[in-house]
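Peer 1: Those letters in the sequence shown? Residues 1 to 269, by our numbering.
You can take every hint at face value.
When the alpha-carbon atoms are kept at most 20 Å apart in a straight line, the in silico SDA-like pairs for lysine to any residue are as follows: (1) Lys41 - Val17; (2) Lys220 - Gln252; (3) Lys145 - Thr24; (4) Lys136 - Met256; (5) Lys41 - Val113; (6) Lys145 - Ser177.
Source of the hints: derived by calculation from the structure; they are not laboratory data.
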Amino acid sequence: MLVQTIQSNYDRYDGFVISHGTDTMAFTAAALSYLIQNSPKPIILTGAQRPINMEITDSKTNLFDSFLYASSEHASGVQIVFNGKVILGTRARKTHSKSFQAFSSINYPYLAVIQDGHLIQYITQSKQVAPMFYDKLNPRVGLFKLTPGADSDILDYMFTKYDALIIESYGVGGIPSLANYHYLDIIQKWIDQGKTVVMTTQVPNEGSDMNIYQVGHDLKNKVSIIEAYDMITEAVVSKLMWILGQTEDPEQIKDMFYTTISNDILYNQ
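Take these sequences, add in the hints, and give me the full structure.
Peer 2: Spelled out as structure tokens, the structure:
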């Protein structure tokens, strides 16, 4: 619905500011980055940690900053503007539950900051000629967060419910390799049946590197798992939903995943 509204009004406006709840804003920003690609016009999401009718609120400042940035000649594509920071839509994560500094840019610099009504642009993105709109998503993408003692049967069950699974692993990327866990066998079984598996990390910054340890190296090179590298989980979830809405071919899925969109993945070798 949101994409359709923007598309039907795209020629009428120079930009868009969307008021959104903060809890899922990062997921919406990531999803819009894939559903509306190469937009020469800004599509800004913002919100507030405290309601606009409260005496102390961040809503008015965030709205003002959003319109200020949307009016800038440098603004294009999908971003979150919050607490004076401009964050790329594929790099935003909610990192504070109460304070006004709710969102952070993960593994990528802030595009700009706004201080006392003045815009300071750090990174200028090249503007595209025309946007590409997509309307198909496959919501059958699941997330399995690895925890000590987690039963591998849970992972096996999740594969019956989803077309793709994202495994949030420890550190640089890997899973328990002891025989009684059966993780490798389960993952291989479902990949052979056409499921997509992406390995990412629970650690917010710096991303994964599965080649550092043997267990990760074997998982990546013998089981043909996809590695997320520096992508954030919000972007991985949204990108997989978008990709699976376009194709079911495993090779195309992998190629599309490693195609950089809105600077969502910088390291993929």
